[in-house]
Amino acid sequence: MSDATNSEGTQEIEQGVSLYADAWRRLKKNKMAMTSVVIITVMGALCTLAGPVADWVGVSPTYGFRWIRAQAPGFTHVDTLNLSGLTVGSEANVRERYKGASEVVFETVDREIKEFRLTWRRKKVKSISMTLGAKPVDELQIEGGDVYWQEIDADGKPIGEKIFDAALKKKDPLPEVFGERERSGVIVFRQVREVPDGVRAYTVKLDDGQVTSLLDNGEPIEEIEIEGRIVKRVLADGVEQTITHPLGTDLSGRDLFVRILYGGRISLLVGLVATFVSLLIGVVYGAISGYAGGRVDALLMAIVDILYGIPYMFLVILLLVNFGQSILMLFFALGAVQWLTMARIVRGQVLSLKQKEFVEAARMSGSSPASIMFKHLIPNTLGIVVVYTTLTVPAVILQESFLAFIGLTVEWEGQSLDSWGALVKAGSDAGLTRSWLLVWPSLAMAVTLFGMNFLGDGLRDAFDPQQRGRT
Amino acid sequence: MGRYLFKRLIQVPVVLFVLVTLSFFMVRLAPGNPFSGEKKMDESVQQALNEKYGLDASMGVQYLRYLKRLAMFDLGPSYKQKGLTVNEIIADKGPVSAVLGLSAMIVALVLGLTAGVISGIRQNSNFDYGSMAVAMVGLSVPTFVVGPLLALFFGLYLGWFPTARYERLWGPIPYPQYLVLPTITLALPFAARIARLTRAGMLDVINQDYIRTAWAKGLRERVIVIRHAMRGAMLPVVSFLGPAVAQILTGSLVVEQIFQIPGIGTEFVKSALNRDYTLVLGTVILFGVLLVLFNLLVDVIYGFLDPRIRYS
Chain A
0 MSDATNSEGT QEIEQGVSLY ADAWRRLKKN KMAMTSVVII TVMGALCTLA GPVADWVGVS
60 PTYGFRWIRA QAPGFTHVDT LNLSGLTVGS EANVRERYKG ASEVVFETVD REIKEFRLTW
120 RRKKVKSISM TLGAKPVDEL QIEGGDVYWQ EIDADGKPIG EKIFDAALKK KDPLPEVFGE
180 RERSGVIVFR QVREVPDGVR AYTVKLDDGQ VTSLLDNGEP IEEIEIEGRI VKRVLADGVE
240 QTITHPLGTD LSGRDLFVRI LYGGRISLLV GLVATFVSLL IGVVYGAISG YAGGRVDALL
300 MAIVDILYGI PYMFLVILLL VNFGQSILML FFALGAVQWL TMARIVRGQV LSLKQKEFVE
360 AARMSGSSPA SIMFKHLIPN TLGIVVVYTT LTVPAVILQE SFLAFIGLTV EWEGQSLDSW
420 GALVKAGSDA GLTRSWLLVW PSLAMAVTLF GMNFLGDGLR DAFDPQQRGR T
Chain B
0 MGRYLFKRLI QVPVVLFVLV TLSFFMVRLA PGNPFSGEKK MDESVQQALN EKYGLDASMG
60 VQYLRYLKRL AMFDLGPSYK QKGLTVNEII ADKGPVSAVL GLSAMIVALV LGLTAGVISG
120 IRQNSNFDYG SMAVAMVGLS VPTFVVGPLL ALFFGLYLGW FPTARYERLW GPIPYPQYLV
180 LPTITLALPF AARIARLTRA GMLDVINQDY IRTAWAKGLR ERVIVIRHAM RGAMLPVVSF
240 LGPAVAQILT GSLVVEQIFQ IPGIGTEFVK SALNRDYTLV LGTVILFGVL LVLFNLLVDV
300 IYGFLDPRIR YS
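The listed protein sequences derive, respectively, from chains A and B. Under numbering that gives the first Met the number 0, the residue at position 306 of the first sequence is numbered 305, and the numbers go up by one with no gaps. Under numbering that gives the first Met the number 0, the residue at position 49 of the second sequence is numbered 48, and the numbers go up by one with no gaps.
Honestly, the hints are just simulated from the structure, not real lab data. Here a beta-carbon is modelled for each residue, glycine too, at the ideal position from N, C-alpha and C. There may be inaccurate statements among the hints.
[As the list claims (entries may be wrong)] Label pairs and their computed distance ranges (CB to CB):
id	chain 1	residue 1	chain 2	residue 2	range
1	A	L45	B	N273	32 to 40 angstroms
2	A	K113	B	L101	31 to 39 angstroms
3	B	K269	A	D207	54 to 62 angstroms
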């Protein structure tokens, strides 16, 4: 260690290494910090390029393949995005990647749907009946496969998991597949079966992206409107078109990977902008306080002390609840929380810097206080400001996600923007059977925050080696 | 010391005043009032309600009235929970949160101090590297990520602990199995910070002259570590306790929501969302008072632990 110090010392005399060059050299030696730089860069790039990445995967963060619902990572299904509205003579509203094809075939299959109504009392089956026919039956065999059974709500929307293989018999206990239930109750569920001879083929002939003709099982038609859920296969020039969700889908069939990237974009944006706001307020406030000194300093710092004693997050919550959750409000609110520490740090630095000779020299040569402050004092505090800024960004991201988690998602023009916190919240509500919804957003967030904290620590060690190993 | 403490004491009422004023106007200046959201209410009924709760007076008058009541520790009636006063709600829900907060604090102190002291005296050992890596995880991974993951793994997958339920055993104290996961979730980031601070403090202290003197006197290691070194090493930990309380208070908002604990944090979020003015203000003020008192307490303890401050 002493050798290293020696060589550093001589080097400094010979070349005059600047503080920043020296800090950069020290940072490069810190493996964890450099790994963090890589992680943050990759994450940042992915999130910034969320739009192009979404196009590449072939999904949008808001479009849900509702009929597939929550599916595990790696799930592949028929690519049915942009299906509706194909009219002869107009531009084909189909996927970019097969717009150049000359023939696209959509194979669909009709489905037969029967609804059943099951009532039970004291956890024992009381009656089973078909809701339309109202004909009670004593037994019902449920089998999975291409027939699926699912519980539905009053609007006919599916609830919960599909039901595979169960035997319902009057007076028997309620089968386990129906999960934890009240002692007595009613559920409506439906059987969906594909009609064996209900297969249709819609053929779309394309010429340079224009629809030239449409065929329904060989019969020419003018326009087609196909519902995504009944499409079994899509063939473009004989090639099957599928879509894969690398991290699975959420409850409304939206691609999780793309949603994590878009969420990260919101989180990072809030983190950076709010930090910038806090930087502006904090640096100017701290510099004025430190430079003015005396009574002004005492007063300004007393204000900071008082504001420090306030439980800030609670006020931020009140602010967002009462005045709307616009992203602009959030920038301001979170920035306002963070500037206090920045102001203290900058003040401390300025207080010691203003005694130095170069400030004296500037004053002698007739510089105004403002120019001394902005040209000489503030630039000299930048090292420590940089360190503290890198530690503020993850703190702000954390706070925003915290707010999103308790239900205060950010909004922009009335649209809610789901940040990482909102995704984690959705995942934690989704339960064990859909654990990927919790695990992946959590991981993305944890890795990013981990990286930022390590980088901040590394920078602090680099700028101030004496502080190495402290908090 | 006396002068410093005096200065801090004067700040207490100022901080509380600023807090009360800020939150009062933040809540009141928002459009709408607690009763405007309810389904088609007769205008006369609305007026009667406004009159009953004093909402018809001007903002300034309402503010003065609130301050006057507050001076007598009366936080007023709840607007949404009919027949209950805010004082009653806080007396009922507060202890539940206090039990959780205290148990988290105890766990964090025990874990953090043990890990920190051992890492400090056995620097660069495997234990040191291991516990500091765990501490970094604890610091970086937010409570609302750790909580659901713990609930998912230990609660739902392994089935060791119940989740999303809370049954009281005696008073505010629940059956222990309901407390395990929330406590760990809340304590983790806090324990991580304490461990890092303690380790740094130990490293600082362990090379100082008075420790060498203690060794030279032939004292046993245990005595040196506990009696001499820890006292100095504890200083940064003590000064962290103030911010830690703030962290635990905000942390409990999410932890209570994750594990569905009927505490004051849940009450705060609920009342903020449904405009229960008095309850929101009451809980914010309660949090503020706790924070201020803890910061003050920390200052006093700090003075006692560090003779350099006591005599200056």
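So, going through the hints one by one against the coordinates:
1. A:L45 with B:N273: 32 to 40 angstroms: Check passed, 39 angstroms falls within 32 to 40 angstroms.
2. A:K113 with B:L101: 31 to 39 angstroms: At roughly 57 angstroms between Cβ atoms, B:L101 and A:K113 fall outside 31 to 39 angstroms, so the hint is violated.
3. B:K269 with A:D207: 54 to 62 angstroms: holds (59 angstroms)
When held up to the earlier numbered hints, the structure conflicts with hint 2 and nothing else.
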